[in-house]
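Participant: Here are the chains, one letter per residue:
There are 2 protein chains.
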Amino acid sequence: MTIPPRLVEVREKILKQNDLLAQSLRQKFEKSGVYVISLVSSPGSGKTKLLEKTLSWMYQKYSVAVLVGDLATDNDAIRLSSTNALVKQIITGTICHLDAQMVENALKDWDLKSLDCLFIENVGNLVCPSSYDLGEALRIVLMSVTEGEDKPLKYPTIFNTADIAVITKLDLAKAVEFDFLLAYKNIQAVRPGIKVFELSAKSGQGMDEWLEFIQKLLQKG
Amino acid sequence: MTIPPRLVEVREKILKQNDLLAQSLRQKFEKSGVYVISLVSSPGSGKTKLLEKTLSWMYQKYSVAVLVGDLATDNDAIRLSSTNALVKQIITGTICHLDAQMVENALKDWDLKSLDCLFIENVGNLVCPSSYDLGEALRIVLMSVTEGEDKPLKYPTIFNTADIAVITKLDLAKAVEFDFLLAYKNIQAVRPGIKVFELSAKSGQGMDEWLEFIQKLLQKG
Numbered sequence: 001m002t003i004p005p006r007l008v009e010v011r012e013k014i015l016k017q018n019d020l021l022a023q024s025l026r027q028k029f030e031k032s033g034v035y036v037i038s039l040v041s042s043p044g045s046g047k048t049k050l051l052e053k054t055l056s057w058m059y060q061k062y063s064v065a066v067l068v069g070d071l072a073t074d075n076d077a078i079r080l081s082s083t084n085a086l087v088k089q090i091i092t093g094t095i096c097h098l099d100a101q102m103v104e105n106a107l108k109d110w111d112l113k114s115l116d117c118l119f120i121e122n123v124g125n126l127v128c129p130s131s132y133d134l135g136e137a138l139r140i141v142l143m144s145v146t147e148g149e150d151k152p153l154k155y156p157t158i159f160n161t162a163d164i165a166v167i168t169k170l171d172l173a174k175a176v177e178f179d180f181l182l183a184y185k186n187i188q189a190v191r192p193g194i195k196v197f198e199l200s201a202k203s204g205q206g207m208d209e210w211l212e213f214i215q216k217l218l219q220k221g
Numbered sequence: 001m002t003i004p005p006r007l008v009e010v011r012e013k014i015l016k017q018n019d020l021l022a023q024s025l026r027q028k029f030e031k032s033g034v035y036v037i038s039l040v041s042s043p044g045s046g047k048t049k050l051l052e053k054t055l056s057w058m059y060q061k062y063s064v065a066v067l068v069g070d071l072a073t074d075n076d077a078i079r080l081s082s083t084n085a086l087v088k089q090i091i092t093g094t095i096c097h098l099d100a101q102m103v104e105n106a107l108k109d110w111d112l113k114s115l116d117c118l119f120i121e122n123v124g125n126l127v128c129p130s131s132y133d134l135g136e137a138l139r140i141v142l143m144s145v146t147e148g149e150d151k152p153l154k155y156p157t158i159f160n161t162a163d164i165a166v167i168t169k170l171d172l173a174k175a176v177e178f179d180f181l182l183a184y185k186n187i188q189a190v191r192p193g194i195k196v197f198e199l200s201a202k203s204g205q206g207m208d209e210w211l212e213f214i215q216k217l218l219q220k221g
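Taken in sequence, the protein lines are chains G and X. Per our numbering, the first sequence starts with residue 1, numbered consecutively. Per our numbering, the second sequence starts with residue 1, numbered consecutively.
Just chain G, same shape as in the assembly:
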């Protein structure tokens, strides 16, 4: 149905309110010296798996925390807690995305100054999270080879609002006859110039380049 103007108006107000809060969070993060990276993707693209591997490696060098968003269950927080990182689950109920207020609330009892890096894993959804700034320094969009090469064209906004793209589950690329050239073409069509990683958190392929990239971010940050 055509959305009535009143709803548009109310949504715009909420988005504006979110942007203001996100901006103040961003300043707080910068002041505290914590580098904030958010991850967005479809359900099951491998956000948690990539974080598991990344955190296990980072823990030796950095003080890292994770906020993980889901409609229901704290499964991901349980998975990630084995990495020794500080982890908190945000349960959104029926809400299809994280917003800046949820992030602010979840951070209340953490000392940001003691952290080098904070990851925010959004609800698995290629649409709605694109509209909500969380105050992150870097937004990473993941797509797995099993989802097909056309996802950037079909969900352009989420790719367009991301800083980095990661093609995941590289170990399955042959089995699904993944066409890398086509995928790159599609990613660049909606987000020209974006850096793209290819990796498999399961097999380890591409993980060295990824971890080196994270390390460089934190050196700069």
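Hints were generated in silico from the structure; no laboratory data involved. Cβ atoms here follow ideal geometry from the backbone N, Cα and C, with glycine treated the same way. Check the hints yourself; a few may be wrong.
[Said to hold, decoys possible] Here are the simulated DSBU-like cross-link-like pairs (lysine-lysine), alpha carbons at most 30 Å apart as the crow flies:
| # | chain 1 | residue 1 | chain 2 | residue 2 |
| --- | --- | --- | --- | --- |
| 1 | G | Lys185 | X | Lys49 |
| 2 | G | Lys202 | X | Lys185 |
| 3 | X | Lys13 | G | Lys16 |
| 4 | X | Lys195 | X | Lys53 |
| 5 | X | Lys174 | G | Lys202 |
| 6 | G | Lys53 | X | Lys88 |
| 7 | G | Lys53 | G | Lys202 |
| 8 | G | Lys13 | G | Lys49 |
| 9 | G | Lys61 | G | Lys185 |
| 10 | G | Lys195 | G | Lys31 |
| 11 | X | Lys185 | G | Lys185 |
| 12 | X | Lys16 | G | Lys16 |
| 13 | G | Lys13 | G | Lys53 |
| 14 | G | Lys49 | X | Lys216 |
| 15 | X | Lys88 | X | Lys185 |
| 16 | G | Lys108 | G | Lys195 |
| 17 | G | Lys202 | X | Lys202 |
[Stated by the list, open to error] Computed from the model, here is a short list of chain G residues facing chain X with C-beta under 8 Å:
| # | residue |
| --- | --- |
| 18 | Pro43 |
| 19 | Asn75 |
| 20 | Cys96 |
| 21 | Gly124 |
| 22 | Leu126 |
| 23 | Thr146 |
| 24 | Glu147 |
| 25 | Leu153 |
| 26 | Lys154 |
| 27 | Thr161 |
| 28 | Lys169 |
| 29 | Ala173 |
| 30 | Gly193 |
Start from chain G and add chain X according to the hints.
Facilitator: Just chain X now, with coordinates in the frame of chain G:
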């Protein structure tokens, strides 16, 4: 952020308006003798691939049409048009789900009485489509083995509003070490008693049972 009561009120009104229209669509479908099946899933779970195979088989026996929803591109409509079914793409722009009004608009120049079956492929999203009745007789939720066994627990509402679940990409089950028992346990936990199919539209595994099921639906319908 906490959603202001005004937005909740407006959203509830929209949902109510959608439900009324969906109800009138449902009556129209029944009166016209067209059986309407909607498909919901994450992006890249294989809705279009399953429809391609299903429509190619159905075309010999039935008059079939498809509405396919996406934020952008008419890629899926192009893919499905090779099946000789009547196909129309609904481009939703930034809207994360189909609603009853979009379905009604898309059907305006089709003669429903000439159809045996109408498929509605929703936008790839495991959250938002669950709230929107489209007037369908049957809602099918798909999950691919590559998404992981936990998806029903993490996205309970979409499984809870579905009539049938389909586990897709069975050809990749071994490669991802998919735990069928766990997946079934999780599906049944959020939607007790739901019938579950397992298939691969690529390898053909499980397709006979699926097509037999569709045929039986149309005999009853």
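Participant: So, against the hints stated earlier in the document, which numbers end up violated here?
Facilitator: As far as the earlier hints go, 6, 8, 9, 11, 13, 14, 15, 16, 27, 29 and 30 are violated by this structure, in ascending order.
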